[in-house]
Amino acid sequence: MAKLKLKRHVINRDWCKGCGICVHFCPQHVLELDDQDKVFAARPQDCVCCKLCELRCPDLAIEVETEEEMIWADR
Amino acid sequence: MATKDYIRERFFPHIWCPGCGHGIIMNALLHAIEQIGLKKNDIVMVSGIGCSSRISGYLDFHTLHTIHGRALAFATGVKISRPELTLLVPMGDGDALSIGGNHFIHACRRNIDMTAIVMNNRVYGMTGGQYSPLSGYGTYATTAPYMNIDQDFDVVQLATASGATFVARSTTYHVHEMTAILKAAILHKGFSVVEVMSQCPTYFGRKNKEGSASDMMEKFRARTVPLGSKKKQEDPTLIERGIFVDKQMPEYCEEYQKIIGRAMKDK
Ligand SMILES: Cc1ncc(C[n+]2csc(CCOP(=O)(O)OP(=O)(O)O)c2C)c(N)n1
Ligand code: SF4
Ligand SMILES: [Mg+2]
Numbered sequence: 001m002a003k004l005k006l007k008r009h010v011i012n013r014d015w016c017k018g019c020g021i022c023v024h025f026c027p028q029h030v031l032e033l034d035d036q037d038k039v040f041a042a043r044p045q046d047c048v049c050c051k052l053c054e055l056r057c058p059d060l061a062i063e064v065e066t067e068e069e070m071i072w073a074d075r
Numbered sequence: 001m002a003t004k005d006y007i008r009e010r011f012f013p014h015i016w017c018p019g020c021g022h023g024i025i026m027n028a029l030l031h032a033i034e035q036i037g038l039k040k041n042d043i044v045m046v047s048g049i050g051c052s053s054r055i056s057g058y059l060d061f062h063t064l065h066t067i068h069g070r071a072l073a074f075a076t077g078v079k080i081s082r083p084e085l086t087l088l089v090p091m092g093d094g095d096a097l098s099i100g101g102n103h104f105i106h107a108c109r110r111n112i113d114m115t116a117i118v119m120n121n122r123v124y125g126m127t128g129g130q131y132s133p134l135s136g137y138g139t140y141a142t143t144a145p146y147m148n149i150d151q152d153f154d155v156v157q158l159a160t161a162s163g164a165t166f167v168a169r170s171t172t173y174h175v176h177e178m179t180a181i182l183k184a185a186i187l188h189k190g191f192s193v194v195e196v197m198s199q200c201p202t203y204f205g206r207k208n209k210e211g212s213a214s215d216m217m218e219k220f221r222a223r224t225v226p227l228g229s230k231k232k233q234e235d236p237t238l239i240e241r242g243i244f245v246d247k248q249m250p251e252y253c254e255e256y257q258k259i260i261g262r263a264m265k266d267k
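Note that the protein sequences, when read in sequence, are chains A and B. Numbered per our numbering, the first sequence spans residues 1 to 75. Numbered per our numbering, the second sequence spans residues 1 to 267.
Please keep in mind that the hints were generated in silico from the structure rather than gathered at the bench. Here the structure is a predicted model, which is why all the values come from computation and not from measurement. Among these hints, one or two may not hold up.
Computed beta-carbon distance windows for the label pairs [claimed, not checked]:
#1 A:D46 / B:L187: 50 to 58 Å
#2 A:W72 / B:A161: 52 to 60 Å
#3 A:I71 / B:G138: 51 to 59 Å
#4 A:C49 / B:S229: 27 to 35 Å
Here are the simulated DSSO-like pairs of lysine-lysine, each with C-alpha atoms no more than 30 Å apart in a straight line [unchecked claim]:
#5 A:K51 / B:K267
#6 A:K51 / B:K219
#7 B:K4 / A:K7
#8 B:K247 / A:K51
#9 B:K247 / B:K258
#10 A:K3 / B:K183
#11 A:K7 / A:K51
#12 A:K7 / B:K258
#13 B:K4 / A:K5
#14 A:K5 / B:K183
#15 A:K38 / B:K219
#16 B:K265 / A:K51
#17 A:K3 / B:K265
#18 B:K258 / A:K51
#19 A:K38 / B:K189
#20 A:K38 / A:K7
#21 B:K209 / A:K7
#22 B:K209 / A:K38
#23 B:K189 / B:K247
#24 A:K51 / A:K5
#25 B:K4 / A:K51
Even glycine gets a Cβ: it sits at the ideal position worked out from N, Cα and C.
Could you build all of it, start to finish, from the sequences and the hints given here?
Next comes the structure, spelled out in structure tokens:
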């Protein structure tokens, strides 16, 4: 079975306007705004790769880069 | 093709305010187009005037940024001459239903194959927060500081009664649903209307004390239900989402071709 594994959050700081939608709706509370009101992944290890931040971003400023991890049922 | 390949990066960051729902609609539309696998050259996007209408500048299709309320008329001209192209017509609520109201109902009636997307933030965002025919009774706007007493249109009912053959509603909170609906609307043969409830935190939000963009989206979550849900019977003020109409009727360009055929027979 293949499961999505996080590579990284690609954030375009020039496009991010700090609206906070991604921060508010992340089910895992992975994201935060920094002191310049730009988003960053504060807890990437908690990311479940649902990509809701990417899909709800009005500014196309965040992308969740993932890779497929193979999980064997007998392990 | 990745969604980023469909945009004109040189015009980014876009002009929309922080948290404006119009960007989320653009995002979902890009995903819908990418999932269908449409080529940039096969799409014509025609818009009018408004914050919403600025969308055509950001997307790398054939694009026409036309005049307020008349996008559907321009789109009709393009579609009649090049019926093989996919026509997308994003409109603001004012654009579609105040100044463009007449174009809207007649485009629905003709069933010409295109997709009208009403980016409904219930306000004139671009010109400073005037109320629109979708603001509704009891709302506030820069032109209704003591309260708006005009009742609003229901876009879904209006489009249905006017004869649109695909009619749907979603919100900027429900991004997966919105993408699926936009996909179905684009693939539908005939006139499709998709109303997307969108937030304007700058004007509608501020005037109506609805809080941040996220708060406004939370309200879309709380105040809407899927079509046919039991909750709607218990609370009729809830707004339904989903596909309300999906039917086949003679399409305008095809009927027009038949008329040309008839006229040419005697020549
Ligand atoms: C013929 C004409 N009348 C009026 C205007 C002024 N005007 C520009 S945008 C707009 C309304 C915008 O509201 P909406 O369509 O809801 O789009 P939004 O900005 O909210 O996305 C108006 C009245 C105009 N540009 N042209
Ligand atoms: S004024 Fe409203 S509709 Fe216009 S860009 Fe700002 S938030 Fe969006
Ligand atoms: Mg509007």
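How the hints compare with the structure:
1. A:D46 / B:L187: 50 to 58 Å: Check failed, 37 Å falls outside 50 to 58 Å.
2. A:W72 / B:A161: 52 to 60 Å: The hint (52 to 60 Å, Cβ to Cβ) holds, given that A:W72 and B:A161 are roughly 57 Å apart.
3. A:I71 / B:G138: 51 to 59 Å: holds (53 Å)
4. A:C49 / B:S229: 27 to 35 Å: The hint (27 to 35 Å, Cβ to Cβ) holds, given that A:C49 and B:S229 are roughly 29 Å apart.
5. A:K51 / B:K267: violated (60 Å)
6. A:K51 / B:K219: holds (21 Å)
7. B:K4 / A:K7: The hint holds at about 19 Å.
8. B:K247 / A:K51: With a Cα-Cα distance of about 33 Å, the restraint between B:K247 and A:K51 is violated, given a limit of 30 Å.
9. B:K247 / B:K258: Since the Cα atoms of B:K247 and B:K258 sit roughly 21 Å apart, the hinted pair holds (cutoff 30 Å).
10. A:K3 / B:K183: holds (26 Å)
11. A:K7 / A:K51: holds (12 Å)
12. A:K7 / B:K258: violated (55 Å)
13. B:K4 / A:K5: Holds, because 22 Å separates the two Cα atoms, which is no more than 30 Å.
14. A:K5 / B:K183: holds (27 Å)
15. A:K38 / B:K219: holds (25 Å)
16. B:K265 / A:K51: violated (57 Å)
17. A:K3 / B:K265: violated (62 Å)
18. B:K258 / A:K51: The given pair, whose Cα atoms are some 47 Å apart, is violated under the 30 Å limit.
19. A:K38 / B:K189: violated (42 Å)
20. A:K38 / A:K7: holds (20 Å)
21. B:K209 / A:K7: violated (40 Å)
22. B:K209 / A:K38: The hint holds at about 25 Å.
23. B:K189 / B:K247: Between B:K189 and B:K247 the Cα gap is close to 9 Å, so the pair holds against 30 Å.
24. A:K51 / A:K5: holds (12 Å)
25. B:K4 / A:K51: holds (15 Å)
In this structure, the hints that do not hold are numbers 1, 5, 8, 12, 16, 17, 18, 19, 21, in rising order.
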